[in-house]
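Enquirer: Given next are the chains, with one letter for each unit.
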Amino acid sequence: MNHTHATALLDRYFAGTTTPAEEHDLKTYFRTADVPAELAPYASLFAYWEQQGAITAPPRKLTARPGLRRTLLAIAAALLLLLAVRGTYRWQQPGLTTFPVAERQAVDWSQHEITDEKEALRFLKTVLTTTSDKLNEGPGITVRELREVRDILD
Amino acid sequence: MPPFTTIAASVRDRLYRLALRMVGDDGEAEDVVQEVLLSGWQRRREIEALDNPPAWLLKMTHNRAIDRLRSRRVRTTNERAAAVADQTSRTPHCLAESADTLGHIHRLMQQLPADQRSVLQLREVEGLPYREIAETTGLTVDQVKVYLHRGRGKLRQLLLHEQIVER
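First to last, the protein sequences are chains A and B.
Going by UniProt numbering, the first sequence opens with residue 1, and the numbers climb by one from there.
Going by UniProt numbering, the second sequence opens with residue 1, and the numbers climb by one from there.
Pulled out of the complex, with its shape left as it was, chain A reads as follows:
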């Protein structure tokens, strides 16, 4: 590109009518050619565009994502808590050698056998009454809870 062509292109460049190819030619001209004095100041402008194009983003900082960091902290805290609980528990337990272990003995059930007929009947009635009471407890709880649910729904 000669001086005349560059001057003409420069006028069109500032008028906003140059094509991308012509703008590329201008940039190349001001970067590489021996620019005459009257056009030399424009070289600064094209040098500025070049300089701006050479700017790169700073390297990314390798930081853990907040969610991941929270999860790792939670896991670490849970492990620490488990170790602390386990340590406390073991510390409170007596040593195996000092723990008083009862000796195993056979139970003589014949001593507890009921031989009297009236006593057996009384025992049986007691057992049946207790069983009946306990059996009614469950349905009672269920009926009460169902009533509460119905009240909530109403």
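Think of the hints as simulated: they come from the structure by calculation, not from any bench.
It is possible that part of the hints are untrue.
Stated by the list, open to error - Below 30 Å or equal to it, Euclidean Cα-Cα: the simulated DSBU-like pairs (lysine-lysine) are:
hint, chain 1, residue 1, chain 2, residue 2
1, A, 27, B, 59
2, B, 59, B, 154
3, A, 118, A, 134
4, B, 59, B, 145
5, A, 27, B, 154
6, A, 27, B, 145
Once you've looked at the hints, dock chain B against the given chain A.
Expert: Leaving out everything else, chain B in the frame of chain A:
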């Protein structure tokens, strides 16, 4: 279709440059890019299916930067302070421009309205065609042409006014 991570890696520098041009502060520009990429990651399936994912990310960056500018309107002083003094050593060519001149042009650029700045950035630095600039900025192609013309003209006026360029 390339995965989102590949798209993000290829376009990250462009997003950063656009954000930097618009908000005028490198830390804030980094935040904008981070927000855009995070938002993009959450919608990566949609983005990967697009015809031009980088254009979408550029548009998001433009919008986020505009939001930031709106949230703190009085910014001129800080923008001017965020000059390129520390970036002049990275110039890729061997012309004998001084850092002062480039820094001065940068300050002149910052005097332009945000839309003209972003259109100039996308055209002059990123080399995008009018259609993609329009997609990114939400302007029409005709508006992009007008903004580019005005931006360049204004820049030339500023250069003349500051006597960097003599007609």
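Enquirer: Indicate, hint by hint, whether the structure satisfies it.
Expert: Now the hints, each set against the structure:
At roughly 26 Å between alpha-carbon atoms, residue 27 (chain A) and residue 59 (chain B) fall within 30 Å of each other, so this suggested pair holds. Between the alpha carbons of residue 59 (chain B) and residue 154 (chain B) the distance comes to roughly 24 Å, so the proposed pair stays at or under 30 Å and holds. Taking the CA atoms of residue 118 (chain A) and residue 134 (chain A), the gap is near 24 Å; set against the 30 Å cutoff, the hint holds. A distance of roughly 18 Å separates the Cα atoms of residue 59 (chain B) and residue 145 (chain B); the hinted pair therefore holds under the 30 Å criterion.
Restraint check for residue 27 (chain A) and residue 154 (chain B): the C-alpha separation of about 19 Å stays at or below 30 Å, so the hint holds. For the hint pairing residue 27 (chain A) with residue 145 (chain B), the CA-to-CA distance comes to about 19 Å; that is within 30 Å, so the pair holds.
The structure shown violates none of the earlier numbered hints.
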